[in-house]
Amino acid sequence: MNAQEKEQYLREYSQLKNAGKPFFPYAVTKDGAMAAITLFVIIAMAILFGAELGPKADPTTTTYSPRPEWYFFFLFELLRVIKPPSLVLMATLGIPTICLILLLLLPFYDRSPERHPLKRPIAMIGAVATVVAMAYLSIIGALGGPPSEIEIPVAAAYEDGAAVTAASGCLGCHRIGENGNTLGPNLTAIGDRLGRDAIARTLINPTSPMPSYQSLQEENPEQFEALVDFIASLKEEAAEGGQDTQ
Amino acid sequence: MSKLTPPLPKFLRPAPPRPGEDNGAGHNGDAAPSRGEKLREDATEKTAQVVGWLDERSNLSPLLRANLYRKVPKGTNWFYTLGSATLFAFVSQAVTGVFLAMYYEPDTARAYESAAYITNEVFLGELVRGMHKWGSTVMIILIFLHLARTFLFGAYKYPREIQWIIGVVLLVLTLAMGLTGYLLPFDQRSFWATTVAVNLNASAPIIGPYLADFMRGGAEFGAASLSRFYALHMLLIPGLIAALIGAHLYLVAKLGTTAPPWLKPEKKSLNSEGI
Chain A
1 MNAQEKEQYL REYSQLKNAG KPFFPYAVTK DGAMAAITLF VIIAMAILFG
51 AELGPKADPT TTTYSPRPEW YFFFLFELLR VIKPPSLVLM ATLGIPTICL
101 ILLLLLPFYD RSPERHPLKR PIAMIGAVAT VVAMAYLSII GALGGPPSEI
151 EIPVAAAYED GAAVTAASGC LGCHRIGENG NTLGPNLTAI GDRLGRDAIA
201 RTLINPTSPM PSYQSLQEEN PEQFEALVDF IASLKEEAAE GGQDTQ
Chain B
1 MSKLTPPLPK FLRPAPPRPG EDNGAGHNGD AAPSRGEKLR EDATEKTAQV
51 VGWLDERSNL SPLLRANLYR KVPKGTNWFY TLGSATLFAF VSQAVTGVFL
101 AMYYEPDTAR AYESAAYITN EVFLGELVRG MHKWGSTVMI ILIFLHLART
151 FLFGAYKYPR EIQWIIGVVL LVLTLAMGLT GYLLPFDQRS FWATTVAVNL
201 NASAPIIGPY LADFMRGGAE FGAASLSRFY ALHMLLIPGL IAALIGAHLY
251 LVAKLGTTAP PWLKPEKKSL NSEGI
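Chains A and B, in that order, are what the protein sequence lines are. Here the first sequence is numbered in the numbering used here, starting from 1 and rising by one per residue. Here the second sequence is numbered in the numbering used here, starting from 1 and rising by one per residue.
These are calculated hints, taken from the structure and not from any lab test. The hints are all genuine.
With the C-beta cut set under 8 angstroms, the calculated list includes, among others, these residues of chain A facing chain B:
{"no.": "1", "residue": "Pro22"}
{"no.": "2", "residue": "Pro25"}
{"no.": "3", "residue": "Arg120"}
Covered stretches of chain B (in silico footprint by chain A; criterion: 3 or more residues with CB under 8 angstroms from a CB of chain A, positions within the stretch not fixed):
{"no.": "4", "segment": "76 to 88"}
{"no.": "5", "segment": "158 to 167"}
{"no.": "6", "segment": "171 to 179"}
In silico DSS-like links for lysine-lysine, alpha-carbon gap of 30 angstroms or less:
{"no.": "7", "chain 1": "A", "residue 1": "Lys17", "chain 2": "B", "residue 2": "Lys74"}
{"no.": "8", "chain 1": "B", "residue 1": "Lys10", "chain 2": "B", "residue 2": "Lys74"}
{"no.": "9", "chain 1": "A", "residue 1": "Lys17", "chain 2": "A", "residue 2": "Lys6"}
{"no.": "10", "chain 1": "A", "residue 1": "Lys119", "chain 2": "B", "residue 2": "Lys264"}
{"no.": "11", "chain 1": "B", "residue 1": "Lys264", "chain 2": "A", "residue 2": "Lys6"}
C-beta: ideal position from N, C-alpha, C; glycine also.
Next comes chain B alone, as it looks inside the complex:
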């Protein structure tokens, strides 16, 4: 066990055995192991067998170990949790979104009724819809804070330029999720706001009219538009976001997170307590 123990914080480390006490493991030949101890040993052994079986075939443990126990730079503080919090908000949106999709019907005649059904009839429906609606707000706030942190710390500079670009694309895609999702409850507010938003796109030079026609599914805002927004909101944009988050995280693991820019390495490496 002691070989695999990660470098734990002090308060979590097992106290070293004191002279006169048992030698840590619990049995030094005096008494036969009790039933509980035997069960525990069995369980540990079985777990080790299963993990060993998986590892023998997947060879995942070096990868996991390298990623879990990789060092984060000195000075890593709470501002560095904003990215993972954004990811968590995305996961929350995905989970609540799946539950909403179980009841939602992307049809102009049924969309509003199914949204009302979710809100009023389904068990915890209003809570889940509320979590999805306000989760988008939380995710947008977190993504902007994460962007601000990255900007302030100069973390977009060499060698993390690709990280930054992926991040900005993720920001745009997240806003696109907000836009496409806004239509889906199909009440007055969402319908007209989306109509205006799409018409604004139509006024863009050159590609504008084509983009608007693509979003509406035709020249007029109608049934085709709703299923298009649904497909974009449910499949295309979340898929892109998930893929780009994967790339973003790969680069985080590869390049590491930045240290706060005001920290300089000490010339004489005296502190060994960092580990």
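Excised from the complex, chain A in its bound form:
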């Protein structure tokens, strides 16, 4: 906006302002009504949905479902849709950071004096695209299944390990058979690629953002061994062929 446009805006604004009504009581009434509605909605949601409290946090075992609040679903899902490892950093931090900077600096690159939404096609297309992308990512994030179910056939010897795997929440990030997420590498045939020792090493000393299972190994070595055995048993032929690899 150049000086003339600024002056024109200020002039028109002061005319519109002079034609307006006083803040008190007109705007205050509306604000008050809206505050009452807000309070009503908060209390209604608190009564209807309550304040759920899951089982106590336990860094070692039991259900581990890394699900954020719904308003972070889109970030979480962004991570899952971008698969190539070289792009993961871009997904987790690059895209959100760039979007945030674009949002923050909006008044500095959108300098046209036009304010009417229908006369700002580029801004509107950008806004609609952003909203659609965020809504889409949030919805698929919300529809993701519970991360503690393993449906592939498991040989009797590995059932303990499968239970530990399900309870440890590996499926929150990894896929095993038809279950789990695609955030981390697919574990369905991990036994073909990594040996048992390598799997144990990865569990103890994982690459970020995977949490370490060292405390499980220290505090509950049997469970840890069962977990490693089960994961090492995940092989291609086991997934396709018979259940009984023993």
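Given chain A's structure and the hints, the job is docking chain B onto it.
Chain B in isolation, oriented as in the chain A frame:
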């Protein structure tokens, strides 16, 4: 009284006296004022004295009058209530948060138990915790709607650029409140979600590892992390939010809210009914 009366909506304005009726104030010499009228007059006078005493020392009334009776532009509609509704949600979060803080203990051994105690034992505890939990959802929705309104109406343009920047920072801080508060009940879901979130931060280039160490209070997620999240959630972020809301509101009062962009001032100012 009539001098101080703000421009009221029509239905609230006192009807002008009709010919033949009393002259408004109630006594025109016929009868001595009744006891009720005298009490009312006394009360009005005492109130005026107290207000006068305060005003003489604080000189607040011009400021209050300028802000309360300032005009909002023509066309101001319900979409303009989204900002104040967000503020109200923040106040609700602050109030419920204070009550939760009376019982909550930020200690890994006690956090879950104290959250359970609030939920199951404290009078109205579950309601207050529910209001705090769902209040965050409501606040996030309102802040996004407020952002959408500002964007659609082009309200971020000259002269309100600073308003917009403060608003975006407030949005980020509100999301940070959501993230730090999520850990505090210390159940499985919140613990692991936060672990993953912090580890994601750790994978950021250059500052990532330092940021994650700062949030965790060390290399591992543990007791120090909980008190850190508690301090961030209770003191640092709400303080910043309150200060920035103050700046945001100061600018609202200073610059005024925008008019809807489809309204143009009429050339001939014929309508005097706007006042």
